[in-house]
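Put chain B on the given structure of chain A with help from the hints.
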Amino acid sequence: MTTTAGWFAAVASDSDASDDALAATIREGAASESDSWPARAVDAGIVDDENEYYDLLHRATMAATRAAVTERERADDSQLIHAIRAMDDCQRTANELAERVAEWGGTLDPDAGTGIEYARALASDDPDPDETAVTSLAEQVVELEKEAERLGEYIEQTMPTVAPNLSALAGPVLGARLISLAGGLESLAKKPSGTVQVLGAEDALFAHLRGHAPSPKHGIIYMHDGVRRTPMENRGSAARALAGKLSIGARVDHYSGEYRPDLEAELTERLETIRARTGDEYNGGGEGSDAVADADGVDDTDGGADDE
Amino acid sequence: MLMGSTIPTEVPTMSNLPQGVERRQIDGEERLATRGEPVYGEPIEDEWRAWDPHRSKLGAMIELGLDHGLEGGETVLYLGAASGTTVSHVADFSGPTYAVEFAPRPARDLLSAAESRPRLFPLLKDARKPETYAHVVESDVEVIVQDVATRGQARVALENRQFLAEDGRLLLAVKARSEDVTRDPEDVFADVREELTASSDGYEILETERLDDYHTDHLAIVARPQ
Chain A
1 MTTTAGWFAA
11 VASDSDASDD
21 ALAATIREGA
31 ASESDSWPAR
41 AVDAGIVDDE
51 NEYYDLLHRA
61 TMAATRAAVT
71 ERERADDSQL
81 IHAIRAMDDC
91 QRTANELAER
101 VAEWGGTLDP
111 DAGTGIEYAR
121 ALASDDPDPD
131 ETAVTSLAEQ
141 VVELEKEAER
151 LGEYIEQTMP
161 TVAPNLSALA
171 GPVLGARLIS
181 LAGGLESLAK
191 KPSGTVQVLG
201 AEDALFAHLR
211 GHAPSPKHGI
221 IYMHDGVRRT
231 PMENRGSAAR
241 ALAGKLSIGA
251 RVDHYSGEYR
261 PDLEAELTER
271 LETIRARTGD
281 EYNGGGEGSD
291 AVADADGVDD
301 TDGGADDE
Chain B
1 MLMGSTIPTE
11 VPTMSNLPQG
21 VERRQIDGEE
31 RLATRGEPVY
41 GEPIEDEWRA
51 WDPHRSKLGA
61 MIELGLDHGL
71 EGGETVLYLG
81 AASGTTVSHV
91 ADFSGPTYAV
101 EFAPRPARDL
111 LSAAESRPRL
121 FPLLKDARKP
131 ETYAHVVESD
141 VEVIVQDVAT
151 RGQARVALEN
161 RQFLAEDGRL
171 LLAVKARSED
181 VTRDPEDVFA
191 DVREELTASS
201 DGYEILETER
211 LDDYHTDHLA
221 IVARPQ
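Respectively, the protein sequence lines represent chains A and B. Here our numbering is used: position 96 in the first sequence is 96, and no number is missing along the way. Here our numbering is used: position 165 in the second sequence is 165, and no number is missing along the way.
Okay, chain A solo, but in the shape it has when bound (with noise of 0.2 Å):
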């Protein structure tokens, strides 16, 4: 680009231009470089002096900088709660239904299948005439189904605005659930760790609170491939060091909204540290290497999740 426009050119034939056209000008211009901007629209005649191009300025900057942080909200944390929550339900009854139809399905067809897969069968086959009532809870369940995925897109879509760093560390469907789970992003970023680590695991915790179970090494955050993916006696540390991860992304998140591609890269070395140590004897370890979360001051708890 190499207009040197202020950006009142655009406003410039219409003395009363609207609130939202001050805006656009605002938040679409761009210069490659700066100029004095007030006796430029002094001479062009838009403004009388530089009082009056202040006030216009001042106009514009408001309405400009209120719309885009609108917008922005608008795609908040309460809206991925309310999707995902909606996702859960949506697969759930899908299921359920899908169950039902099977089981109906069973008592007019010996070769009826089960699950969404059958009602799938059912609702893209020729309604039999004797089955339309069971056809028509199939496509229901169908239907449901493809809504469920739908507000999957839709998190997808939204996260990465909404929670750039929690959505790039655990996956925007995860950190999703994470948010719903602590009941929204800014209690996300102000959880520990270690509760961050047990989030969805509350049955067991409580179990171990009354003091008749070992504590709970994940909770949600087992979906992550991380955890998942690492041999059982190390899984404790490594749901310990993404939790970790997972809170300074969710304070990055809430309270500066910056990107941070660093954490990602710290995060898969460590989980690769702890990864290569399988075998290896326990070394009771990881401390040396959790200086980053501890500079940070994020307070790195154990959340008396480690195995025994």
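No lab work stands behind these hints, which were simulated from the structure alone. Keep in mind that the hints are not guaranteed to be accurate.
Anything over 12 Å on all C-beta distances counts as not near chain A; from chain B, calculated [claimed, not checked]:
{"#": "1", "residue": "Pro18"}
{"#": "2", "residue": "Gly28"}
{"#": "3", "residue": "Gly36"}
{"#": "4", "residue": "Arg55"}
{"#": "5", "residue": "Gly65"}
{"#": "6", "residue": "Glu194"}
{"#": "7", "residue": "Glu195"}
{"#": "8", "residue": "Gly202"}
{"#": "9", "residue": "Asp212"}
Footprint (simulated), chain B over chain A, 3 or more residues, beta carbon under 8 Å [stated by the list, open to error]:
{"#": "10", "stretch": "35 to 49"}
{"#": "11", "stretch": "52 to 64"}
Ranges between beta-carbon positions, derived for each pair [unchecked claim]:
{"#": "12", "chain 1": "A", "residue 1": "Pro261", "chain 2": "B", "residue 2": "Pro38", "range": "23 to 29 Å"}
{"#": "13", "chain 1": "B", "residue 1": "Gly152", "chain 2": "A", "residue 2": "Ala39", "range": "30 to 36 Å"}
{"#": "14", "chain 1": "B", "residue 1": "Arg55", "chain 2": "A", "residue 2": "Thr70", "range": "24 to 30 Å"}
{"#": "15", "chain 1": "B", "residue 1": "Thr208", "chain 2": "A", "residue 2": "Arg59", "range": "37 to 43 Å"}
{"#": "16", "chain 1": "A", "residue 1": "Arg275", "chain 2": "B", "residue 2": "Gln226", "range": "46 to 52 Å"}
{"#": "17", "chain 1": "B", "residue 1": "Pro38", "chain 2": "A", "residue 2": "Asp48", "range": "30 to 36 Å"}
{"#": "18", "chain 1": "B", "residue 1": "Gly152", "chain 2": "A", "residue 2": "Thr273", "range": "24 to 30 Å"}
{"#": "19", "chain 1": "A", "residue 1": "Ala30", "chain 2": "B", "residue 2": "Glu45", "range": "41 to 47 Å"}
Note that the Cβ used here is the ideal one computed from N, Cα and C, for glycine as well.
For chain B alone, coordinates are given in the frame of chain A:
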């Protein structure tokens, strides 16, 4: 100075305060203060808002008596305005103040600070991409204040130098941890100083001072265009 009887009797060593910034008795303590609408629940007495150097790097620079060159009434470009804590004080004693912030959440608070300050212009823009606001921010601003917590803080200062008047000042707070948490802050600071002064269209550094009394692992740099 023009402040006359309003000035507290015991003026401490430093008196290089910009006009519009005073040391005042607030809640029984002598504190830096500016006059304006309250923004973030800061203590206030007679319309004077306490300016907490622990919450503001520029506040710390002034508190520590750096030769910031501020006189009051300057045109300011503030990079990394966040929720407007510091920039609201800056706007209280400066002329037109452009506040660039990248993250929408703090920008919401910045908006309310700008509401009552007709010469504070909030911009939701990325300080690493000056071309996205060069059509708004005027040339030859007298002061650039920079407090951005990203990597490449020296580059941000260099890229925004185009806005600064030849005899203007850069007041830069470098956060070592934003560059690299694992390195010794002194090494990070050395690199930043080096990068700022390396080229002929860079900066000449006038003064540096660690802000550790108020902000851990931060270095204040006062510079002017080379």
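**12 Å Cβ clearance of glycine 36 of chain B from chain A** = holds (15 Å)
**Prompt:** That 41 to 47 Å hint for alanine 30 of chain A and glutamate 45 of chain B (C-beta), does it hold up?
**Reply:** Since alanine 30 of chain A and glutamate 45 of chain B have Cβ atoms about 44 Å apart, the given range 41 to 47 Å holds.
**Asked** Does the hinted range 30 to 36 Å hold for proline 38 of chain B and aspartate 48 of chain A at CB?
**Response** holds (33 Å)
**Request:** Confirm or reject the statement that glycine 28 of chain B sits farther than 12 Å, beta carbon to beta carbon, from all of chain A.
**Result:** holds (31 Å)
**Request:** Confirm or reject the coverage of the stretch 35 to 49 of chain A by chain B under the rule of 3 or more residues with a beta carbon closer than 8 Å to the chain's beta carbons.
**Result:** That given contact holds, which follows from 4 residues of the stretch 35 to 49 of chain A lying within Cβ reach (below 8 Å) of chain B.
**Request:** Mind checking the hinted window 24 to 30 Å against the Cβ distance between glycine 152 of chain B and threonine 273 of chain A?
**Result:** holds (28 Å)
**Prompt:** Are there three or more residues in the stretch 52 to 64 of chain A whose C-beta lies within less than 8 Å of some C-beta in chain B?
**Reply:** Coverage by chain B holds for the stretch 52 to 64 of chain A (7 residues, Cβ < 8 Å).
**Request:** Could you let me know if the closest chain A CB is still more than 12 Å away from the CB of arginine 55 of chain B?
**Result:** The assertion about arginine 55 of chain B holds, with a minimum of 14 Å to chain A.
**Request:** Mind checking the hinted window 46 to 52 Å against the Cβ distance between arginine 275 of chain A and glutamine 226 of chain B?
**Result:** Given about 50 Å between the Cβ atoms, the range holds.
**Prompt:** When you look at the beta carbon of proline 18 of chain B, is every beta carbon of chain A farther off than 12 Å?
**Reply:** holds (20 Å)
**Request:** Could you let me know if the closest chain A CB is still more than 12 Å away from the CB of glutamate 194 of chain B?
**Result:** Holds, since 22 Å exceeds 12 Å.
**Request:** Find the nearest Cβ of chain A to the Cβ of aspartate 212 of chain B and say whether that gap is larger than 12 Å.
**Result:** Given a closest Cβ separation of 15 Å, the condition holds.
Violation of the numbered hints given earlier is confined to hint 12; every other hint is satisfied by the structure.
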